[in-house]
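Colleague: Chain A is already provided as a structure; the job is to place chain B on it using the hints.
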Amino acid sequence: MLGRRLHIRAADREHRRVQAQLSDFLDGALAPGQGAQVEAHARICERCRGAVLSPPSTTRLLRSLHTYPPPDLIAGILARLATQDPNQAGEQQGDIEAPVAADDREKLPQTRHRATVVRARAAVVDCLRPRYLRRTLPTTLIVGLVLTAIYQLGDLVAGRAGAGTYLMCACNFAIAFVLASLATLVATSAARGRQPPDRGPN
Amino acid sequence: MKLSAARNAAGARRQPHDPTARPRPLDERVLVDRARHGDRDAFEKLVRLHAAGLHAVVSRLCATAEEAEEVTQETFLRAWRGIARFQGDCQMFTWLYRIGVNEASRRGARRGAQQTSSLDEHPEQAPADWRPTPDLRVEQKDLRAALEEAVRGLHPDYRAPLILRDIEGLSTADAARILELGEGAFKSRLHRARLTVREALAAHLGDRA
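These protein sequence lines are chains A and B, in that order.
Note that my numbering has the first sequence beginning at 125, numbered continuously upward.
Note that my numbering has the second sequence beginning at 4, numbered continuously upward.
With the rest of the complex left out, here is chain A:
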């Protein structure tokens, strides 16, 4: 009898806790573990299940399906736009893959150069983002220290280090950073190619 009463009281406490979290759950603002708890409760509690399945709640759930555009989406669009003749705006209504007119061919190297510049600039901006730096800086530090230990440690320990030695030390770290950034860019690009569309972390 007492056990049953305790069980009912615990269930009631759980129900009140889930009710308090329901709004955040519908907005996708709960941590995954908490969200799973709300879901598990909704499976056994008819009232909470009804609340999740009500039309306004379903709409809120749908609204919370975030989409994260790919990092180089805008750079990709601008790169393709750069291959278009500036005078083309509003003039051509045919297919995008239409062959390039003879008069336009000599302008192509110029526009391709612009597309390359746009992509390169986007890559540099990406490399300086904290998400990339978190991956590249540890590698830079380790590789830079190893190179310095191999090539400049003797001079530094013997007290023969001059401005040139310090410059070489800086170059060790700079080269390591460039290589680590390139590797990260390539790895990220390859990983994005394997991902399913648009589903971001909730």
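No lab work stands behind these hints, which were simulated from the structure alone.
Idealized CB from N, CA, C, for every residue including glycine.
Mixed in with the good hints there might be a few duds.
Taking CB as the label site, the calculated pair distances span [to be verified]:
1. Asp136(A) with Ala148(B): 28 to 36 Å
2. Asp30(B) with Ala285(A): 50 to 58 Å
3. Leu130(A) with Gly115(B): 52 to 60 Å
Modeller: Then chain B, alone, in the frame of chain A:
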């Protein structure tokens, strides 16, 4: 493209697309007007304003991430080529989304036709289905994954209204205009899509009544 603009674009990428954030109409009208006169910088600003929103819509209408990116790029190319035809009788995003939705539908139809013909030609080569049974799948995913799958499972005619109205938060009038539907027909499709999605959610939560 100026470096500050690139920095803005990088900043925008860090956030999920906010469907309710729309540019101020006056700024946009000025940009559209300049773009119609061949100002590529103005058009690039329009790209930055609308790329994330357009991608959010087409990514749910396309089969893969690559296709969604291609459709987004192609939409802006078509828009650049046809900007002189844009008379300003609707908002820029309505016009862009219409081009994007049409392009995604065209590709979907082409893909469907190709799949049908290849299966007809080689019926014995259809691969065995090693995916988990529906019951097991339900156990493995959370509610939002189930919701996403339910949306993707809708027929495109019903999926597009749900994406535009309920996920992207557009008004009924705007969404109906994008799909070139009357409001009555739009609401009817939206209603059916919502019912289907709610049924999928109910099944996921174990309420099969």
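Colleague: It remains to establish, for every hint, whether it holds in the given structure.
Modeller: Each hint, compared with the structure:
no.	hint	verdict
1	Asp136(A) with Ala148(B): 28 to 36 Å	holds (30 Å)
2	Asp30(B) with Ala285(A): 50 to 58 Å	holds (57 Å)
3	Leu130(A) with Gly115(B): 52 to 60 Å	holds (58 Å)
When held up to the earlier numbered hints, the structure conflicts with none and fits them all.
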